[in-house]
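Undergrad: Sequence:
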Amino acid sequence: QERGALGFERHYHVTDPFIRRLGLEAELQGHSGCVNCLEWNEKGDLLASGSDDQHTIVWDPLHHKKLLSMHTGHTANIFSVKFLPHSGDRILITGAADSKVHVHDLTVKETIHMFGDHTNRVKRIATAPMWPNTFWSAAEDGLIRQYDLRENSKRSEVLIDLTEYCGQLVEAKCLTVNPQDNNYLAVGASGPFVRLYDIRMIHNHRKSMKQSPSAGVHTFCDRQKPLPDGAAQYYVAGHLPVKLPDYNNRLRVLVATYVTFSPDGTELLVNMGGEQVYLFDLTYKQRPYTFLLPKKCHPSGEVQNGKTSTNGVSNGIHLHSNGFRLSEGRAHVSPQVELPPYLEKIKQQANEAFACQLWTQAIQLYSKAVQKAPNNAMLYGNRAAAYMKRKWDGDHYDALRDCLKAISLNPCHLKAHFRLARCLFELKYVAEALECLDDFKGKFPEQAHSSACDALDRDINAALFSKNDNAEDKKGGGPIRLRATGRKDSISEDEMVLRERSYDYKFRYCGHCNTTTDIKEANFFGSNAQYIVSGSDDGSFFIWEKETTNLVRVLQGDESIVNCLQPHPSYCFLATSGIDPVVRLWNPRPESETLNGRVVVDMEGASQANQRRMNADPLEVMLLNMGYRITGLSSGGTGVSDDEDSSEGQVQCRPS
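Numbering (the UniProt record's numbering), first residue to last: 1 to 656.
Since the hints were made in silico from the structure, they are not lab data. Because the structure is a prediction, the values reported are computed rather than measured.
Here are the simulated BS3-like cross-link-like pairs (lysine-lysine), alpha carbons at most 30 Å apart as the crow flies: (1) K43 / K154; (2) K225 / K154; (3) K285 / K225; (4) K443 / K428; (5) K389 / K443.
With these hints in hand, go ahead and build the complete structure from the sequences.
TA: Now the structure itself:
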């Protein structure tokens, strides 16, 4: 009966009215510096915090009481705090900017072990119930270390050395263990790629290497791989590798600041510093739509019905070595059924928002309808048009995905075909855009000389002409785009292969800003993981519906920046912290309470301001932080005019 009650509690603890009534319950005071990390114990009756003041505090959050405060022995900011599983909440582990990892016994308030193996700041600790007396750390020396606390060993060893793959400059920033299968470890580091490792496979590989009689005889020809084949799988938002040169030129840094698994272990959530929050589906994996893979990675041109046969992964698009081709197959075309009246009404509202240039509102309404009617080509085509108009970071790539989905559902979807060519062009796949446009003209000859076609043709040809002498030409250049330059950040061949085999995201969450700190978290909220929460540089935290990706709530959580958000393991209860020296607790407030003063009512305005902040140069960001208003930036969201390029015409302008 108790299990049934807990199931009910977990299923219903975060529902819409609860989210709408979420407000500040208490502020826990006791630290004298920024609070950089929070951690619930398994039962949820203790909360540990770590701070710039080098102290850790253990709280009774339900009664707002400080139970214990101790100096950790660190000489710099604490970045991570974890309870060791199976220790009866007695053992606490901390990692800090002094490059040290300390183990504390809370019953005697003593530091019982210090590990000094890292050579740069320790950013995250991870633990796993299946591995008692074991934990892991990620640090800015590029190493993931594994620790053994058993009496006879008390040591650490390098589990993964990212510098062997990415050169000396790579920094590990975060890590987490899959709660359902503790053999899987996810790691976030500098750059857009997130890495998933099989710990057991790595250990077995090392054991067999030690036992092998020929282990010491390897020559240059037979180099030993640090990781066995199949022990690592990479994930990346498909448009980011292509954007890297542009971001680097603008001093915009991409770095995974937090990774976490969904409670059921089937999804991986990543807060990508310098960009957005991404959710990756670990069971239904899809290749990025815009990777030009080397020929050897493709089956010999086997494409049926828009699906490549690689690992059963479906894209709806196949970028051949000779460029772009939409697949010809027309089987499995979903009949375009009429929307039920309530969805037709939502679509009409979305179309009206689009007509009023309320792009985000239109996107949210189309997304609501898409969730209920996932096989309706028109909804995807319309949402693509809204993304293309809004032009936030990643919008053209989401539009490209929507166009491909629309075409896979309805190969005769004229607007989606044309928008696809425009998206490819905007994403700088110029040669592919030209082939796509030629393909479009062949399929829809009556549109071949429309003003929109002519304008896009001109844009593409101008771009091709200006790129002719450019060594960065994308044609056939897949691997080049994934490779860094310079000796210190030289990318190994093994790393190249892993990057080329990356999988793409399922959902993207926009609105927050993550550029100022590299410890900003994003988390699943609710045991059914039905919401996503993230901190932000504007002092707010953002709450999205997971399945629609729609922003549903923004709350002011800090005077400066919200970094940490840790949901309670079984209640609708959230602990947050940031630059302020306090821990804040949030839960649904009684309806009798007066209006919640911390609600950010203009969510759209907050999101647009954050887009501007992410795209501003560092000086502008500094001025924004000082409270100056910068006039040169459009309120449209990215400093880009909301007017589409001249290629507006009958095939593109309005949603269907």
